[in-house]
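These are the residues of each chain, in order.
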Amino acid sequence: MKQDIIIAGVGGQGLLTIAGVIGATALKAGLNVKQSEVHGMAQRGGAVVSHLRLSSQPIASDLAPEGSAHLLLSTEPMEALRYLPLLRQDAWLVSNKNPVQNISAYPSLEALWKRIGEWPHPMLLDADELARSADVRRASNVVMLGAASVFIPLSHERMKDEIRSIFDRKGSAIVEKNINAFDLGRAAALKIHGK
Amino acid sequence: MQSYLWLGDEALAQAAIDAGLSGVFAYPGTPSTEITEYIQKSKLAAERGIHSKWSCNEKTAMEEAIGMSFAGKRAMVCMKHVGLNVAADAFINSAITGANGGLVVASADDPSMHSSQNEQDSRFYGQFAQIPYFEPSSQQEAYDLTLQAFDVSERHGVPVLIRLTTRMAHSRANVIRRVETPRDQNSLHLPADPRQFVLLPAIARRNYSRLLQKAPLFEQESEVSEFNQYVEGPDRRMGILACGIAINYIQEVYGEKGCPHSLLKIGRYPIPRKLVNRLVESCESVMVFEDGYPMVEELVRGLTSKGPHVRGRLDGTLPRDGELSPTCVAKALGFPAPETAKVPAEVVGRPPSMCRGCPHANTFEFIVEAVKSFPQARVFSDIGCYTLGALPPYEAINSCVDMGASITMAKGASDAGLHPSLAVIGDSTFAHSGLTGLLDVVSEKSPVTIVIGDNLITGMTGGQPSAAYQRLEQLVLGIGVEPQHLHVVVPLPVNHEVNVELLKKEMEYPGPSVIIARRACVRAAV
Chain X
1 MKQDIIIAGV GGQGLLTIAG VIGATALKAG LNVKQSEVHG MAQRGGAVVS HLRLSSQPIA
61 SDLAPEGSAH LLLSTEPMEA LRYLPLLRQD AWLVSNKNPV QNISAYPSLE ALWKRIGEWP
121 HPMLLDADEL ARSADVRRAS NVVMLGAASV FIPLSHERMK DEIRSIFDRK GSAIVEKNIN
181 AFDLGRAAAL KIHGK
Chain F
1001 MQSYLWLGDE ALAQAAIDAG LSGVFAYPGT PSTEITEYIQ KSKLAAERGI HSKWSCNEKT
1061 AMEEAIGMSF AGKRAMVCMK HVGLNVAADA FINSAITGAN GGLVVASADD PSMHSSQNEQ
1121 DSRFYGQFAQ IPYFEPSSQQ EAYDLTLQAF DVSERHGVPV LIRLTTRMAH SRANVIRRVE
1181 TPRDQNSLHL PADPRQFVLL PAIARRNYSR LLQKAPLFEQ ESEVSEFNQY VEGPDRRMGI
1241 LACGIAINYI QEVYGEKGCP HSLLKIGRYP IPRKLVNRLV ESCESVMVFE DGYPMVEELV
1301 RGLTSKGPHV RGRLDGTLPR DGELSPTCVA KALGFPAPET AKVPAEVVGR PPSMCRGCPH
1361 ANTFEFIVEA VKSFPQARVF SDIGCYTLGA LPPYEAINSC VDMGASITMA KGASDAGLHP
1421 SLAVIGDSTF AHSGLTGLLD VVSEKSPVTI VIGDNLITGM TGGQPSAAYQ RLEQLVLGIG
1481 VEPQHLHVVV PLPVNHEVNV ELLKKEMEYP GPSVIIARRA CVRAAV
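Sequences listed follow chains X and F, in order.
Residue numbers for the first sequence follow this note's numbering, beginning at 1 and rising by one.
Residue numbers for the second sequence follow this note's numbering, beginning at 1001 and rising by one.
Next comes chain X alone, as it looks inside the complex (with noise of 0.2 Å):
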């Protein structure tokens, strides 16, 4: 078994939780992780990339080489298109449709829906709209998680329960409203992949 997943959004967006629960299941699933994050500078309103590579055999580079990743899980539109070098031409783009607009340059994000619908394997969720259902506005990042297990070979059962030890000190409530989260972004997957 071996997958490596692009997860890509903009710094305060959460994705260091993705990253998190994705490899704190694959250790407990004994295989060997290499994660890289992006701390810092880069943390503020800017694009963020974390590598993360689950392997059942050891794995050497930190970073995915072009043209390896199974998987691009994002948490922004123009964010997602930011790493289709990184991305073997079956795999998965999975993609919050809600833009980030910090920028003043922003590109129209028809044209951003429109590149991202171009990719072998598309899918573009409202995250922000299912998030809110979940009424926990800040969970986007949770529900895209959600809709990317569909793609990725662990126990989606395990993530979840790597979900409820993170938001455990926050209390009963907002852990299920995460696990709910996680839940909506996972079921609104498996109907758009037809599963």
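FYI, nobody ran anything at the bench for these hints, they're computed from the structure.
Note that the structure is predicted; figures quoted are calculated from it, not measured.
Please note: incorrect hints may appear among the correct ones.
To be verified - Residues of chain F placed beyond 10 Å of chain X at every Cβ, according to the derived structure:
| id | residue |
| --- | --- |
| 1 | L1299 |
| 2 | T1327 |
| 3 | E1339 |
| 4 | K1342 |
| 5 | P1344 |
| 6 | H1419 |
| 7 | V1442 |
| 8 | P1510 |
To be verified - With a straight-line cut-off of 27 Å between C-alpha atoms, the simulated DSSO-like cross-links for lysine-lysine are:
| id | chain 1 | residue 1 | chain 2 | residue 2 |
| --- | --- | --- | --- | --- |
| 9 | X | K28 | F | K1043 |
| 10 | F | K1331 | X | K2 |
| 11 | F | K1342 | X | K114 |
| 12 | X | K170 | F | K1041 |
| 13 | X | K170 | F | K1043 |
| 14 | F | K1342 | X | K2 |
| 15 | X | K2 | F | K1257 |
| 16 | F | K1505 | F | K1445 |
| 17 | F | K1372 | F | K1504 |
Stated by the list, open to error - For the chain F half of the interface with chain X, some residues (derived, Cβ under 7 Å), not all of them:
| id | residue |
| --- | --- |
| 18 | Q1140 |
| 19 | G1322 |
| 20 | L1418 |
For every residue, glycine included, the Cβ atom is placed at its ideal position computed from N, Cα and C.
Here the structure of chain X is known, so what remains is to put chain F in place on it, guided by the hints.
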């Protein structure tokens, strides 16, 4: 033994605890911050009473660690690469005093400048100080070699440097914690030689001579270190020399087939000369892969044209700057680039920016407005979240060189006749290295207007406490700024006009003035 998913920073930190650490001393700086934060959050470290509070700057941290080593205990200092410049005086001289308790310096480099103003290579500091230094190639090695570094330091009575890079510091991997119960901390024991740490010239000459005598020993230990490995390969047309994490990209590129060339991996320095010679003599050419500067490559090349045939960053085989990647390593080794999708034309850059509601944003708004009335005015700044004031829409600052340079550069420009001359500095950076600059300004009554953006925290590195917290006015007045030229304002849109007028008035005052723009970091409130 349990396996953990640790950042390189965290693996290093846990190993230091397991090695019997008594204190970590540091100032936050990307990508080194998480070393100290890990120890601060560690229950085990708390139970063991390990010192882990932040220092004012890297120099005070380094000196505090030398003091702990003097007292016989194991100490570690952590910093980003440019922090080692700040600590350099103490660091270089600690090689001359030598260590009593184990003394380990961890410096995290930032090739590609993800979050820094240069990509200087800390290995030169190891070479400069003439001490043993290490560079892990994996998070497991970050753990393993840190355990060893403390023993090496005590065995030879010298500080030991560990060099990390961003990719190692900020990447997680499975790490086995090899020590289940930490080694006991050293008891207080003073140096046997009461004059060891007294670097008067006569003693310094003696100590330096002793350090030089240890050089062959350091090199011999590098030759046999488990972190330096030589693997024979059948294809002798080229040998590969890989430092630190470069080995991972080479293994990635060759995959399961394995590398056909002889391969020397270096993780401990001084450079194992015999191993390098063996590679050079058994291969027709050598390709050198290292993150940072082409330090080893330059040495292997030598100065004369009669040296071996060497390829690497200096002949364009690899990019001269920036961190290594699987892509550039594959290209250098002659592998064709894979067919990949291009980045669509619509995608534009997204640099970091100030957070919504950031107090610095309102501060820059009133500065920009006030400065409009003085076309010649220039605003000097330095390192912190507020450096983002250089970007649109503010474009409010004219310099960012190093920590604390705002005040001193403003003074120098004022000395040259530039008026008004302004400085913008954060509260934590002011405590780090703004204080002495302000004393220069006060001593000469220089007409410099200083705005201290006080967000009550060290913002850029993730919200560590600021040493100036609740002491800023006392510090400024204590240094000698006149009370009538010290003002505290709240950077909010509602105060914009008042703040503009106040700043304009102080810019016209022909002496030192300080305006503290105080409002809590919006991130700290989250």
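Verification of the supplied hints:
1. L1299: Consistent with the label, F:L1299 stays out of reach of chain X, its closest Cβ about 26 Å off (over 10 Å).
2. T1327: Incorrect as stated: the minimum Cβ-Cβ distance to chain X is 5 Å, not above 10 Å.
3. E1339: Incorrect as stated: the minimum Cβ-Cβ distance to chain X is 7 Å, not above 10 Å.
4. K1342: Given a closest Cβ separation of 7 Å, the condition is violated.
5. P1344: For F:P1344, whose nearest Cβ neighbour in chain X is about 5 Å away, the distance does not exceed 10 Å, so it is violated.
6. H1419: Non-interface label on F:H1419 holds, nearest chain X Cβ at 32 Å vs cutoff 10 Å.
7. V1442: 32 Å, holds
8. P1510: Check passes; 37 Å lies beyond 10 Å.
9. X:K28 / F:K1043: Roughly 22 Å between the alpha carbons, so the hint for X:K28 and F:K1043 holds.
10. F:K1331 / X:K2: 23 Å, holds
11. F:K1342 / X:K114: Given that 27 Å is the threshold and the Cα spacing comes to 15 Å, the pair holds.
12. X:K170 / F:K1041: 18 Å, holds
13. X:K170 / F:K1043: Holds, at roughly 20 Å.
14. F:K1342 / X:K2: 24 Å, holds
15. X:K2 / F:K1257: 17 Å, holds
16. F:K1505 / F:K1445: 17 Å, holds
17. F:K1372 / F:K1504: Distance of about 10 Å is within 27 Å: holds.
18. Q1140: Hint on F:Q1140: violated, closest Cβ of chain X at ~11 Å, above 7 Å.
19. G1322: 13 Å, violated
20. L1418: 29 Å, violated
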